[in-house]
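The hints should help you fit chains L, P and F onto chain U, whose structure is shown.
Residue numbers (this note's numbering), protein chains in the order written: chain U, 7 to 144; chain L, 7 to 144; chain P, 7 to 144; chain F, 7 to 144.
Hints may contain errors.
It does not matter which identical chain is meant; a pair holds if it fits inside one copy or across any two.
As the list claims (entries may be wrong) - Mimicking SDA-like on lysine to any residue, the simulated pairs with C-alpha atoms at most 20 Å apart in a straight line are:
(1) 75 x 61
(2) 105 x 95
(3) 56 x 140
(4) 56 x 129
(5) 56 x 79
(6) 69 x 116
(7) 10 x 127
Keep in mind the hints are simulated off the structure, nothing from the lab.
Protein chains: 4
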Amino acid sequence: MFTKEIEIRVRYAETDQMGFVYYGNYATYFEVARVESLRALGMSYKELEKSGIMLPVLEYNCKYLKPAKYDDLLTIKTTIKSIPTARIFFDYEVFNENKELLTIASTTLVFVQAFNKRPCVAPEQFLEQLRKYFHQNQ
Amino acid sequence: MFTKEIEIRVRYAETDQMGFVYYGNYATYFEVARVESLRALGMSYKELEKSGIMLPVLEYNCKYLKPAKYDDLLTIKTTIKSIPTARIFFDYEVFNENKELLTIASTTLVFVQAFNKRPCVAPEQFLEQLRKYFHQNQ
Amino acid sequence: MFTKEIEIRVRYAETDQMGFVYYGNYATYFEVARVESLRALGMSYKELEKSGIMLPVLEYNCKYLKPAKYDDLLTIKTTIKSIPTARIFFDYEVFNENKELLTIASTTLVFVQAFNKRPCVAPEQFLEQLRKYFHQNQ
Amino acid sequence: MFTKEIEIRVRYAETDQMGFVYYGNYATYFEVARVESLRALGMSYKELEKSGIMLPVLEYNCKYLKPAKYDDLLTIKTTIKSIPTARIFFDYEVFNENKELLTIASTTLVFVQAFNKRPCVAPEQFLEQLRKYFHQNQ
Chain U
7 MFTKEIEIRV RYAETDQMGF VYYGNYATYF EVARVESLRA LGMSYKELEK SGIMLPVLEY
67 NCKYLKPAKY DDLLTIKTTI KSIPTARIFF DYEVFNENKE LLTIASTTLV FVQAFNKRPC
127 VAPEQFLEQL RKYFHQNQ
Chain L
7 MFTKEIEIRV RYAETDQMGF VYYGNYATYF EVARVESLRA LGMSYKELEK SGIMLPVLEY
67 NCKYLKPAKY DDLLTIKTTI KSIPTARIFF DYEVFNENKE LLTIASTTLV FVQAFNKRPC
127 VAPEQFLEQL RKYFHQNQ
Chain P
7 MFTKEIEIRV RYAETDQMGF VYYGNYATYF EVARVESLRA LGMSYKELEK SGIMLPVLEY
67 NCKYLKPAKY DDLLTIKTTI KSIPTARIFF DYEVFNENKE LLTIASTTLV FVQAFNKRPC
127 VAPEQFLEQL RKYFHQNQ
Chain F
7 MFTKEIEIRV RYAETDQMGF VYYGNYATYF EVARVESLRA LGMSYKELEK SGIMLPVLEY
67 NCKYLKPAKY DDLLTIKTTI KSIPTARIFF DYEVFNENKE LLTIASTTLV FVQAFNKRPC
127 VAPEQFLEQL RKYFHQNQ
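Only chain U is shown next, with the shape it has when bound in the complex (with noise of 0.2 Å):
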C-alpha cells in the first residue's frame, strides 16, 4: 500500500456563497495530490503525456462529509491500495487543521496510448517504484 500527504489551501475563488469550498471543486484537489502521488513515485504525469500516455478519470465518487471553509490549509491523504494494471485506483482523505476528516473519495484512471485512445499497461519503471511499497508493508 502507498500513502503519500499533501498539503493544498483553500482559496477563495474555491469557496461559494453558502461560504465552504464549492462541491465541485474537490476534483481539482485529488487532482493535485494524485499527481503529486505520482511524482512521488517518480512519474511525472507531465512527461507521462509527453512520452504518448494519458490517464483520463474513468470514475469519480466523492463523499461530504463536513465542509472545508476558507484558508483552511488542508491535508489530502492520497493511497493506492492495489499494483495497478491499464486501470489505476487512487482513494483519497480530506483533513481540515483539526484533524476532522471532511471528505472521503475515490477515483479511477486508466492508461491510455494517446494516439489510438486504446488502453495500455502502467509504464515499467512506474510500477517497480510503486512494487516496492507493496513489498514494505506486507
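Quick look at chains L, P and F alone, frame taken from chain U:
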C-alpha cells in the same frame, strides 16, 4: 418520476489540455441541471436559500464514458426517482449532439436549516408540485 | 460597429463566500460573449482552431462597478469598434436584470497560426461579414 | 516598497485545450499572491473578513506575454508600491522556472465595512507593518 432536460454549451474555460472537458467541471453542469429542475418544479434555489433553507451536496458519483469537447451543445437529463424527505436524489445523464451518452452521475443532497445546519423536510409546496409528476407516471 | 448581446445565468460555482460572482469568473463570461459574437458573424471559434488558427488573449482589463449575484440573469453586451487586422479588440458591458451596469471590460486578442505561433490576418470571410456591420452603422 | 514572492504549481484543471493556462485563471493566482502578501505583513484576510472588513476588487488589468503551461512551477512576485488609504494597489509579475516573464498584472482593491459596504481605511496594525518596508527601502 420527474425528468427535465437542459442544454449547456461547453466553454473553453472548461476544457483542459487533453482537449476535453475537465473531469471536475461536470459537477457545475449538474448543479445547473438540478437548479433548473427545481425551477421547473416551481422552486427557485435562490429563494430557498433566502427562506433559510440550504441544500448542500452529501454525495456525488460520476462515470465518464466518453469525453465532452469544446463547443459541444450538451443535453443534461436530470431525473428525480423518488419523493424526497430530508434527502433528495438526482440522477443525471449527459449527451452530446450525436445523442451519445457521455457521462452518468448521481448526487445526494440534504435540506438543511441555515440557522442550525440541521436536516429538515423539503418545502411542502415543492413536494406538492413534485407529487404531480409521480402520479402522472404511476 | 458590431454589437451582440447574450444572456448568462450566474452559477452557484461562480459565486464566492462574499456572496458575489468571484472577480476571476467574469473572464469566462467574456469568453462566451465573444465566441457568440464570432458565431453571429458566421465564424465558429471551434472551426477556426480546426483550420489552424488560434485566438489567444493578449490583454484583459476589467472594472467592477457593482457585484453580480447568484442566479442573476446577466446580459453581456459585446462591441467590436474597429475592423481587426491581426489583433481584434472586444469591449464588454455586463448588466443585471434591473439594467444596472455591473462590469466594464475589454480584451485584445491576436489571430495566430497554430503551427508557428505567428500572428496572421483575420480570415477574409469573417472580415467580409464584419464589414457589413460597419457599413450599416456609418 | 513591499515585495513578496510565492510559488504556484499549475494544475491540470487550470489548462485549456490550447495547452496553456486559461487566461481567466490568473486572477486566482493573483488572489493567492496578494493574500500571502497580506499574511507576510501580519494580516490574515480570513481574520480581516471576520472583523467585519472586506476587500473586494475594483479593477484588474492583465497582460499575457508568454503562456504558462501545465505543471510549471510559477513564481508570482507581488509589489505594493504605495501606502494604502481606503484603496490598495497590487502589482504582479509571473515568471516560469526559466525566469521568463509570462504575465504582468495589477489590481485595485478597496477596504469596505461589511455592514454598510462603505469604504474605510486599512487597519492601523497592517499599515504599521507595511510602513516598515517603506522606511527600509527609502
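A quick look at each hint next to the structure:
no. : hint     : verdict
1   : 75 x 61  : between (30 Å within a copy, 17 Å between copies)
2   : 105 x 95 : neither (24 Å within a copy, 30 Å between copies)
3   : 56 x 140 : neither (28 Å within a copy, 46 Å between copies)
4   : 56 x 129 : within (13 Å within a copy, 32 Å between copies)
5   : 56 x 79  : between (32 Å within a copy, 17 Å between copies)
6   : 69 x 116 : between (22 Å within a copy, 13 Å between copies)
7   : 10 x 127 : neither (22 Å within a copy, 40 Å between copies)
In summary, the structure is inconsistent with hints 2, 3, 7 from the numbered list given earlier, while agreeing with the others.
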